[in-house]
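Let the hints inform the model, and build the full structure from the sequences given.
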Amino acid sequence: MSGVDRLNVPEFERPIVELEMKIESRRMDLAEEKDQARAKDIQAEIADLEKDLRKLMDSVFEKLDPWDRVQLSRHPNRPLTSDYVAGLFDDFQELKGDRSYKDDPAILCGFGTLEGRKVMVMGHRKGKTLKERLECNFGCAHPEGYRKALRKMKLAEKFGLPIVSFINTPGAYPGIEAEERGQSHAIAENIREMSNLKVPIITLTIGEGGSGGALGIGVGDRYLIMENAYYSVISPEGCAAILWHDAKKAADAARVLRLTPNDLIELGIMDEIVPEPYGGAHRDPRKAMEIVKAALLRHLGELTSLGVDELLESRYQRLRGMGKYIEVAA
Amino acid sequence: MTWDSSRKRGATDGLWMKCTSCEAMVYKKVVEEQHHVCPECGFHFRISSKQRVQYLLDEGTFKPLFENLESTDPLNFKGKKSYREKLQQAQKQTGNREAAVFGTGQIMGKDVVFGVIDANFIMGSMGSVVGEKLARGAEHALKHNMPYIVVSGSGGGARMEEGILSLFQMAKSSAAIKRLQDAGGLYVAVLTNATMGGSMASWAALGDVTIAEPQALLGFAGPRVIAQTVRQELPAGFQTSEFLLERGFVDQVCPRKDLRQRLASIIRYCCKDVAAFRKSGARHTAKISVPAAAKAAAAK
Chain A
198 MSGVDRLNVP EFERPIVELE MKIESRRMDL AEEKDQARAK DIQAEIADLE
248 KDLRKLMDSV FEKLDPWDRV QLSRHPNRPL TSDYVAGLFD DFQELKGDRS
298 YKDDPAILCG FGTLEGRKVM VMGHRKGKTL KERLECNFGC AHPEGYRKAL
348 RKMKLAEKFG LPIVSFINTP GAYPGIEAEE RGQSHAIAEN IREMSNLKVP
398 IITLTIGEGG SGGALGIGVG DRYLIMENAY YSVISPEGCA AILWHDAKKA
448 ADAARVLRLT PNDLIELGIM DEIVPEPYGG AHRDPRKAME IVKAALLRHL
498 GELTSLGVDE LLESRYQRLR GMGKYIEVAA
Chain B
4 MTWDSSRKRG ATDGLWMKCT SCEAMVYKKV VEEQHHVCPE CGFHFRISSK
54 QRVQYLLDEG TFKPLFENLE STDPLNFKGK KSYREKLQQA QKQTGNREAA
104 VFGTGQIMGK DVVFGVIDAN FIMGSMGSVV GEKLARGAEH ALKHNMPYIV
154 VSGSGGGARM EEGILSLFQM AKSSAAIKRL QDAGGLYVAV LTNATMGGSM
204 ASWAALGDVT IAEPQALLGF AGPRVIAQTV RQELPAGFQT SEFLLERGFV
254 DQVCPRKDLR QRLASIIRYC CKDVAAFRKS GARHTAKISV PAAAKAAAAK
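Protein chains in written order, with this note's numbering: chain A, 198 to 527; chain B, 4 to 303.
Since the hints were derived computationally from the structure, they do not count as laboratory data. Any given hint could turn out to be false.
To be verified - Per the computed footprint, the stretches of chain B lying under chain A, defined by three or more beta-carbons under 8 Å from a beta-carbon of chain A, are:
1. 162–172
2. 176–184
Unchecked claim - Straight-line Cα separation of at most 27 Å, DSS-like style, residue types lysine-lysine; simulated pairs:
3. B:Lys89 to A:Lys521
4. B:Lys81 to A:Lys445
5. B:Lys95 to B:Lys32
6. B:Lys89 to A:Lys446
7. A:Lys315 to A:Lys395
8. B:Lys83 to A:Lys521
9. A:Lys260 to A:Lys446
10. B:Lys66 to B:Lys181
11. A:Lys445 to B:Lys146
12. A:Lys445 to B:Lys89
13. B:Lys66 to B:Lys95
14. A:Lys395 to B:Lys146
Note that the Cβ used here is the ideal one computed from N, Cα and C, for glycine as well.
In structure tokens:
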């Protein structure tokens, strides 16, 4: 598995990876072993190790803590927007630029065809190589990124293309220039326009749903989230810094914020959890693609059968219903 | 002005106060007369929602709306202090049930739907109730064909203690404002110190016309977070009203004492039903002249 960093993984996953590497090395020994008796022993050993591995994985993945899930959402080998775009869409035509300032590589947009269905694809781009990651500010978009997305959404609206939005950002970029160019205004405008854009919008959080930076391309008709993704008003680190003046208490903050897919469903924000291959999407990206594809196609099918008025009214009512409060007697 | 230490101690007698911006000792009564603005440096002190209503609306016209909405603790949030405790404390301090105080009223004779986000209530942060009131306010304005004026003091942005529910109030409020604006309604955002984060990145940034009070802190990310991220000193005046004005993100910076007149004027320009406006506003708007073209249109 070239290009995959096998040891730069969350701590809870390390024993698993180590055991896997051990199994792999024994397999190589087996391939080279000429003596049949000894080969048989190695085979038995591998079988035992595999049993251990299964047990170990069960024990780890059965009881994932919210913070573990946050780490999985940021996993270095986890499929990114660019992977889903490459893996799911035919004839992808990237469309760049906000026509006002520059092209922000932290947001990827373009035409794509999903099983014959023409759509506009967009998503946060974190980058694969170090160079790309730096260019993309690790998935933190500037105002021009949001403005680019809005332009492409308007284009999709004009030509009746449904929109599929992949969300994966730690948050919008907090920088001097981002403020100078109106980060708040760019996000606000996207949110407002998406609430009433006349084509279906499916949002899928594939990794990090980082606050306003996520919502800036995250309003739509369907709110889907992958099993090991999170969505939060503030990063666990930021929350910990506010609550306990200690960013290292992020794990505690992750528990307080109720940011896991199950929490988000319970709170009435997300519609559906897209399951991942056993142990996370990074363990079997191809299978993850298939599952995502099926989910997207199903929702596209449902949404494209609706009339525009019905679509927009239900999108509005869905948003109007978000939030929890009580009405006390006056 | 210089003050020796004995005079400074006199501050505690309640007649004097220290300006939080220029640190001058100023006579409280003068500050109050000047709409809670420092007579020395022009700093706009934080005021309560009640004072805001008093400064901007015609006397006795304010009628509260959506007063019965109250926050719950949907996450059962426990930081240093529980969210419930925080709410109770803020309610006690402000006398309001929530940070958002909404209602109808008149500005120089013109009916408006009016909202204030009170910065004194958990930093004016937006939870479910604030978002709901913002949305209902827009819907009310649309239904009754009235201008919608919201004064923000929301330095807290989206309220962390309500987690994801707060974040999506950004979308809820913006969607309702969109409907009002698409139908031809007027929405004016008045930005006051401070308006940040999720509030600034949604309803506060979406005014048809946007007016900011001087020297208010307005932005997306907090200055400390930015300084930590970019590891350099922030430019002078960064994220102030004047900074946003220069970069094209607000229409005007307007001192508090002129706000009411300014809002009345904007409403006049953006009010489609000129005849009705003149009729309802005639008693109060002697100083507002109606342009000849509008007069002619109204006469038809």
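- Message: Of the numbered hints stated earlier in the document, which are not met by this structure?
- Response: Of the numbered hints given earlier, the structure breaks just one, which is hint 11.
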